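Start from the sequences and build out the full structure, keeping to the hints where you can.
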Amino acid sequence: MPWLDQRPYFVYCVVHMTRKPRKDNPSSWTGFGPYLRSIREDKAVHDRAFSLRQVAGRIEVEPAYLSKVERGEVAPPSEAKIRALATDLAQDPDVLLAMAGKVSAELREIIRRRPKEFGELIRQLRDAPDHAILRIARQVRDGEW
Amino acid sequence: MIELKNDQLLVSFPELHRDARCTVSFLRTLRIPDDNRTYPLPAGLGRFPLHHVDDFTNNVPSEWLEHGGVLFPMYQSEAMWIHFGRSSGYPFAVKVAAGRVNAVSGRDWTSGLEGSPQNYMVIPAQPWLDGFSVQKGLIRQFVAMPLGEGFTAEEQLTGKASHGGLQIQVFPMRSECYQELLKRRAPRRDDLFGSLGRTPLGVLGINSESMGLAPGGLMRQEIYQDPHGLDVWDPSRTARCFVHLVNSAVYRQITGCAPPTEPVTADHYRKAGIPWFECYGGDASALEGAPRLAELDSVAARTIKKGGKSIEPVVIVDEAKIVKLRPRSTGAVREGSAW
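Here the protein sequences come in this chain order: A and B.
Heads up: the first sequence runs through residues 1 to 145, numbered per our numbering.
Heads up: the second sequence runs through residues 1 to 339, numbered per our numbering.
Calculated from the structure, these hints are not laboratory results.
In this text, all values refer to a predicted model and were calculated from it rather than measured experimentally.
Note that the Cβ used here is the ideal one computed from N, Cα and C, for glycine as well.
Be aware that a few hints might be false.
To be verified - Residues from chain B that face chain A, not an exhaustive set, calculated with beta carbons under 10 Å:
#1 Leu65
#2 Leu181
#3 Phe242
As the list claims (entries may be wrong) - Now the in silico label distances, taken between C-beta atoms and shown as ranges:
#4 A:Ala128 with B:Ser62: 33 to 43 Å
#5 B:Glu176 with A:Phe118: 35 to 45 Å
#6 A:Arg58 with B:Arg237: 23 to 33 Å
#7 A:Asp130 with B:Gly115: 39 to 49 Å
#8 B:Asp55 with A:Ala128: 21 to 31 Å
#9 A:Leu121 with B:Asp55: 16 to 26 Å
#10 A:Asp130 with B:Ala320: 49 to 59 Å
#11 B:His228 with A:Leu121: 36 to 46 Å
What follows is the structure, given as structure tokens:
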């Protein structure tokens with residue numbers, strides 16, 4: 001059948017026509033959209049308030065834009081919108097921001113004040129298990145007395 | 001190591017044992033009259049807010065940065081007691097000093113533990129300390145006074161106002177001794193008294209920013225003898241903290257905030273129906289008081305000696321409001337709160 005020969009070309013066209021150029025490094029956020037979509041759709045099964053349209057309305061973006069975010073066709077939204085999404089979907093904002101390849105302004109400010117120390121701290125903790133990281137807390141400094 | 005969490009010092013030795021942790025907190029309370037009558041233990045009315053001294057490097061004297069530690073605000077003549085909490089029953093020896101004068105033995109500060117006279121308390125058996133140990137079963141309440149006016153225990157005993165504040169040092173039990181202890185008794189999740197509570201409701205001179213602790217009114221409280229012996233404590237592992245006390249004005253200068261609370265008055269205490277407590281350690285032996293501390297002038301006595309007039313609060317203790325705390329037997333427990 002002649003159309004069978006055309007199929008690879010058809011698929012190629014669909015794939016390439018739906019791909020849009022990405023402004024930044026997509027490897028840092030390609031998981032964000034599908035993750036967001038899975039969370040939202042899980043909730044939507046039980047509650048229609050989590051339809052694409054309603055969630056988009058609550059965080060004040062166009063449904064079409066949110067749809068593109070979920071499909072990974074555009075870069076994730078701003079920190080403020082991600083925080084709004086995290087609140088709406090009862091997710092940890094730091095986790096969503098990290099999946100979007102972003103660091104919160106608050107953390108950036110903390111690191112900016114002492115970049116060398118925090119850079120070294122994070123490198124030291126790179127392979128530490130979760131419980132070890134959670135144990136790290138500020139100690140009361142003892143001096144000379 | 002010592003961390004600051006929820007206005008408590010969280011002391012832990014994770015390298016020794018996962019149970020090796022305890023808390024030290026400082027509680028607001030009613031100042032009892034300094035009239036040489038003895039009073040039961042007043043309730044705790046919330047923790048004083050603790051801050052790292054290092055958070056205010058530009059606003060505190062350089063000596064404080066040298067000492068490190070934490071700070072908290074107290075009004076002049078406000079009273080305080082120290083609560084020792086824990087989660088697991090792991091024993092610790094705790095030394096407490098005010099202006100580097102040991103509150104149990106009355107001796108000057110030394111870095112180690114001493115058995116004769118005992119210069120430390122053992123937790124969890126000792127759940128709290130309200131003041132200077134002056135006689136067997138009697139303490140004089142910790143009362144905040146400005147350094148430089150001669151009221152504090154430090155100034156009365158050394159003639160100097162050099163340190164002020166409080167000094168806390170914690171020694172854990174040796175891990176092998178703890179293992180032995182666990183074999184002798186079933187491990188338990190709570191201690192003799194737990195955090196039962198006493199928590200029914202939910203400057204001048206040489207060091208002008210500092211406050212020190214002076215002996216106030218007499219209170220019935222026992223300091224218990226160490227049942228384990230000096231050898232069980234691990235002198236190689238210790239955690240210590242200098243606790244700086246500041247008055248409300250200096251606290252505001254340092255932190256930019258007003259102290260969150262004001263001292264409770266006897267009238268408020270009575271009208272709120274807040275209970276009093278009496279607590280005896282059952283089988284535990286009480287230490288004799290420190291003769292050196294017994295000779296100190298109380299705040300009222302000092303005021304009169306200086307030609308002033310002591311105005312003491314009128315406190316009427318309703319016997320029906322006294323909660324008697326008595327362990328059911330050695331090892332008896334009462335539910336504590338988790339942390």
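Hint-by-hint comparison with the structure:
1. Leu65: 7 Å, holds
2. Leu181: 25 Å, violated
3. Phe242: Where the cut-off is 10 Å and the nearest Cβ of chain A is about 5 Å from phenylalanine 242 of chain B, the hint holds.
4. A:Ala128 with B:Ser62: 33 to 43 Å: At 36 Å between Cβs, range holds.
5. B:Glu176 with A:Phe118: 35 to 45 Å: Distance hint for glutamate 176 of chain B, phenylalanine 118 of chain A holds at roughly 39 Å.
6. A:Arg58 with B:Arg237: 23 to 33 Å: 54 Å, violated
7. A:Asp130 with B:Gly115: 39 to 49 Å: Since the Cβ atoms of aspartate 130 of chain A and glycine 115 of chain B sit about 43 Å apart, the hinted range of 39 to 49 Å holds.
8. B:Asp55 with A:Ala128: 21 to 31 Å: 26 Å, holds
9. A:Leu121 with B:Asp55: 16 to 26 Å: 18 Å, holds
10. A:Asp130 with B:Ala320: 49 to 59 Å: 52 Å, holds
11. B:His228 with A:Leu121: 36 to 46 Å: For leucine 121 of chain A against histidine 228 of chain B, whose Cβ atoms are near 39 Å apart, the range 36 to 46 Å holds.
Checked against the numbered hints above, the structure breaks hints 2 and 6 and satisfies the rest.
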